[in-house]
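Single-letter residue listing:
There are 2 protein chains.
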Amino acid sequence: MMSERTPLTIQQIYTLAETCMLANGCDSANAAAVAKTVSTAERDGSESHGLFRIPGHVASLRSGKVNGKAEPEIEAVTPAAIRLDGHNGFAPLALERGIPVLADAAETLGIAVLAIRKSHHFAALWPETEAIAERGLVGLACTAHTPMVAPYGAKKAFFSTNPISFAWPRPNKPPYVFDMATAAMARGEVGLAARDGHALPEGVGLDSDGNPTTDAKAVHQGGVILPFGTYKGSAIATMIELLSAGLVGDYFSYEAGEADNKDGGPAQGGQLIIAMSPKIIAGDNWEAHSEDFLSKLENMDGVRLPGQRRHKNRLSTEPRLIKTELVEKIRSLTSDE
Amino acid sequence: MMSERTPLTIQQIYTLAETCMLANGCDSANAAAVAKTVSTAERDGSESHGLFRIPGHVASLRSGKVNGKAEPEIEAVTPAAIRLDGHNGFAPLALERGIPVLADAAETLGIAVLAIRKSHHFAALWPETEAIAERGLVGLACTAHTPMVAPYGAKKAFFSTNPISFAWPRPNKPPYVFDMATAAMARGEVGLAARDGHALPEGVGLDSDGNPTTDAKAVHQGGVILPFGTYKGSAIATMIELLSAGLVGDYFSYEAGEADNKDGGPAQGGQLIIAMSPKIIAGDNWEAHSEDFLSKLENMDGVRLPGQRRHKNRLSTEPRLIKTELVEKIRSLTSDE
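Taken in order, these protein sequences are the chains called A and B.
Position 201 (the first sequence) corresponds to 201 in the working numbering; numbering is contiguous.
Position 83 (the second sequence) corresponds to 83 in the working numbering; numbering is contiguous.
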């Protein structure tokens, strides 16, 4: 099932996204921030966080769930604890405004936290942790959205896929970074397996009666996904709920699920981001010391550090091959407004 | 193989440990701190972190690896970033001195970090995160020791079991807390399975040739343990190395393994502890909001929150049943000095 593809440069991807967002009620700052997030994902080969997300963005603007002209508001509750109220906008502008303030605080104090609330996150987390690492800081981020994962032992969805991302800065190369769902498998992958008739690995999901199954269709239609790593992954998913909802003061997944209008766009959700300065905490030798560890690790037989495929894709100056059907859909969403 | 047991009150356990530590070169502050950690573990039913650890403590005092009279030194590099130099002592006194300083900083600034170096940790992590939660703060702690876990894809040990603990405060009840190794199974459990001839679950270990096996003996004798949750658990184990060694400025596991004199006591290792104030970051409603989440979670069919068995054991006023052989060993280590 090869679908037709249209070659687009990163700039063309950016413009396609930006124009569509402007046509659907975003102001220029929000349209630019969303377009940057989407085009950066396509640059790095992450299709599922690229232009694929634009129809959902449009749906949430048209339904009135998201305010495309929201101006994020930053409040430093203390010099180290920064709150950001997204005023019901998309996350990219909130992050663009919040992360430099967070990084400044961490550079001064050694550690700082950014709690983003009333924002709609619809992307990966690595853009924020990598932005922090580009400042020479350690970044840790997590968020929650709507329920699709059953806690270990349970048979009903309560957690979202609860992703966590961590980035560690490296001299003259991309950071060590991971960005992973705490679900055993992403919902989109389960959907693809269901469509293509592939079996799931054991431990990925339950059917609608709560029984373990490897039948992707049974998990996708009325079943639930399980946390990765059984009870340990479930504990980490719980921590992510508490950090990104309880500590931020925004919706837990079950609250977001109840509040969301299900327009296909991003639910409201909180995001917690921590930045730390190894220079302040560890001292001057931190870079050589951690680089020694990372180079030993990546030189072990069989080891591949996460994020490397993305960092390699980033270097390509070739146009990206976007599904023609998607390009046409975005163009129609741009002109029918 | 039921071994004989001796009933001891928590106070008797404390005194047994304290007397032995004093007889082997600890000053009163260090002896009291170790005895408190050990007796608290026995109180909570955690035998593997209780009196069982005393012979290792003694070995490391007798070999000269650990200084039983070390006075921890605290340096607030910034108001939010606190370094503690253990001066080669045991971790309990370092934690007793450092955690109140960390908690004070987090209560003022919303977030703070404690980086402990040149210290010897030989206990669970939940005592430190629970102490933070008792102050109404969120606690996160991690540490590394010596290699026994292969990174995902590799066949050789490089990580330690790299535990992480998280505690979230709850009104009028023990915190939500987990404390877990990022190894698929604790080394001690693999040893017990090898002794008793039990098979391991799949995914727990490799034999000495680097092949997956469920033979506990093959893993225990020359093989390696794997991270929990395959590549995702391995990424979290990597993060823990970077946080507790790279960010603290102390040994990575492979460095600790090279430096350790293998006397059976704790290797030198770093520990990173973060404390955060939900009152400052989320605001006044945080307690009711997060309690709603946690009570929904613990009331789901099939869900058991971590730490509950320990919190239940804690309430018992009965004497604890300690292996008689261990009690006798500790007494002999006390009198033969």
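A couple of the hints might just be wrong.
Copies of the same chain look alike in the list, so a pair counts if it works inside one copy or between any two.
For lysine-lysine, the following BS3-like pairs were computed, each having C-alpha atoms within a straight-line distance of at most 27 Å [what the hints assert, rightly or not]:
#, residue 1, residue 2
1, K36, K217
2, K36, K262
3, K312, K155
4, K296, K69
5, K36, K279
6, K155, K329
7, K296, K323
8, K312, K262
9, K296, K155
10, K279, K155
11, K155, K36
12, K296, K156
13, K65, K217
14, K65, K312
15, K217, K155
16, K329, K173
17, K65, K173
18, K173, K279
19, K323, K312
20, K296, K36
21, K262, K296
22, K217, K69
Simulated from the structure, these hints should not be mistaken for laboratory data.
Here is what the structure says about each hint:
1. K36 <-> K217: Neither: 35 Å inside a copy, 54 Å across copies.
2. K36 <-> K262: within (25 Å within a copy, 53 Å between copies)
3. K312 <-> K155: This pair counts as between: shortest inter-copy Cα distance 26 Å, intra-copy 40 Å.
4. K296 <-> K69: Close neither inside one copy (48 Å) nor across copies (36 Å); limit 27 Å.
5. K36 <-> K279: neither (30 Å within a copy, 34 Å between copies)
6. K155 <-> K329: neither (37 Å within a copy, 48 Å between copies)
7. K296 <-> K323: neither (40 Å within a copy, 42 Å between copies)
8. K312 <-> K262: So K312 and K262 fail the 27 Å test inside a copy (36 Å) and across (42 Å) alike.
9. K296 <-> K155: between (42 Å within a copy, 14 Å between copies)
10. K279 <-> K155: Answer is neither; intra-copy 46 Å and inter-copy 33 Å both fail.
11. K155 <-> K36: neither (39 Å within a copy, 41 Å between copies)
12. K296 <-> K156: Intra 42 Å, inter 12 Å, cutoff 27 Å: inter-copy only.
13. K65 <-> K217: neither (30 Å within a copy, 58 Å between copies)
14. K65 <-> K312: neither (36 Å within a copy, 46 Å between copies)
15. K217 <-> K155: This pair counts as within: shortest intra-copy Cα distance 17 Å, inter-copy 35 Å.
16. K329 <-> K173: So K329 and K173 fail the 27 Å test inside a copy (37 Å) and across (54 Å) alike.
17. K65 <-> K173: neither (40 Å within a copy, 38 Å between copies)
18. K173 <-> K279: So K173 and K279 pass the 27 Å test inside one copy only (18 Å; across, 39 Å).
19. K323 <-> K312: Cα proximity of K323 and K312: one copy only (21 Å, versus 57 Å across).
20. K296 <-> K36: Neither way: K296 and K36 sit 35 Å apart in one copy and 38 Å across, limit 27 Å.
21. K262 <-> K296: Answer is between: at 23 Å across copies they meet the 27 Å cutoff, but 47 Å inside does not.
22. K217 <-> K69: This pair counts as neither: shortest intra-copy Cα distance 40 Å, inter-copy 63 Å.
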